[in-house]
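Turn these sequences into a full structure, and let the hints steer you where they fit.
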Amino acid sequence: FSSPNAFFAEKKEVVDISYAGDIVGLHDTGNFKIGDTLTEGEVLHFKGIPSFSPEHFRYINNADPLKSKQLEKGIDQLMDEGVAQLFRLDFNGRKVIGTVGALQYEVIQYRLEHEYGAKCSYENFPIYKACWVEAPDNPKDPEYVDFLRVKQKYLARDKQQQLVFLADSAFSIEMVKQKYPSLKLHFTSEF
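Mind the numbering: the sequence shown is residues 1 to 191 in UniProt numbering, read in order.
Derived by calculation from the structure, the hints in this document are not laboratory data.
Fair warning: this is a prediction, and the values are worked out from it, not measured in the lab.
Errors might be hidden in some of the hints.
So the derived label-pair ranges between C-beta atoms look like this [claimed, not checked]:
hint : residue 1 : residue 2 : range
1    : 82        : 18        : 17 to 27 Å
2    : 103       : 43        : 33 to 43 Å
3    : 142       : 17        : 51 to 61 Å
4    : 91        : 32        : 48 to 58 Å
Calculated lysine-lysine pairs in the DSS-like style (CA-CA distance at most 30 Å, straight line) [claimed, not checked]:
hint : residue 1 : residue 2
5    : 179       : 95
6    : 73        : 95
7    : 140       : 129
8    : 177       : 153
9    : 67        : 140
10   : 119       : 129
Ideal Cβ positions, reconstructed from N, Cα and C, are used throughout, including at glycine.
This is the structure we're talking about:
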């Protein structure tokens, strides 16, 4: 790296050497994400930061079709920051934003408009929980195929393209568990 920086309080200085645990700032052009780890070559394997099921869900709509690219870029970058979670419905491609609190929608809307020049609107999407689906080893398993067919309007993909069941009630989750025992539902993305 050409000019890594060390931070201490308000001071910032270029560093030549850093050690495990040091906080180093790098100029990033969009290559790094929160939680990325850098090494000198050894291979590290660990799970990332899990995503938990949001509490609120809304469709996001583009309020200005002439600013589609700005909206896409803004949504992608805000989701990478962890402001909220993005789900794309499998059956029609609509985007659903999931948040922990309702105020986050106003923050997203404000930031999209003032940082990216894009306007959006929302529609309520009455969902109870997002459940990440652990499919059976055999993708042609009859239970799994039936689940995909019956629940197609409630299936989406998250940012990592993992299959997510957007359950409309606790009862719906229990029914899926009973009817499709070969499937496992998780309330976090790391399982």
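Against the structure, the hints come out as follows:
1. Evaluation of the 17 to 27 Å hint for residue 82 and residue 18 yields a pass: the beta carbon distance comes to about 25 Å.
2. Between residue 103 and residue 43 the CB atoms are about 41 Å apart, so this pair conforms to the stated range of 33 to 43 Å.
3. One distance hint, 51 to 61 Å for the beta-carbon pair residue 142 and residue 17, holds here, with the actual separation near 59 Å.
4. Checking the proposed 48 to 58 Å range against residue 91 and residue 32 shows it is violated: the Cβ atoms sit about 34 Å from each other.
5. The straight-line distance between the Cα atoms of residue 179 and residue 95 is roughly 28 Å, inside the 30 Å bound, and the hint therefore holds.
6. Note on residue 73 and residue 95: the hinted pairing holds, with a Cα-Cα distance of about 14 Å set against a maximum of 30 Å.
7. Taking the CA atoms of residue 140 and residue 129, the gap is near 26 Å; set against the 30 Å cutoff, the hint holds.
8. Restraint check for residue 177 and residue 153: the C-alpha separation of about 18 Å stays at or below 30 Å, so the hint holds.
9. Taken as a hint, the residue 67 and residue 140 pair is broken in the structure, with Cα atoms around 41 Å apart against an allowance of 30 Å.
10. Only pairs whose Cα atoms come within 30 Å are accepted, and residue 119 paired with residue 129 is accepted, the gap being roughly 27 Å.
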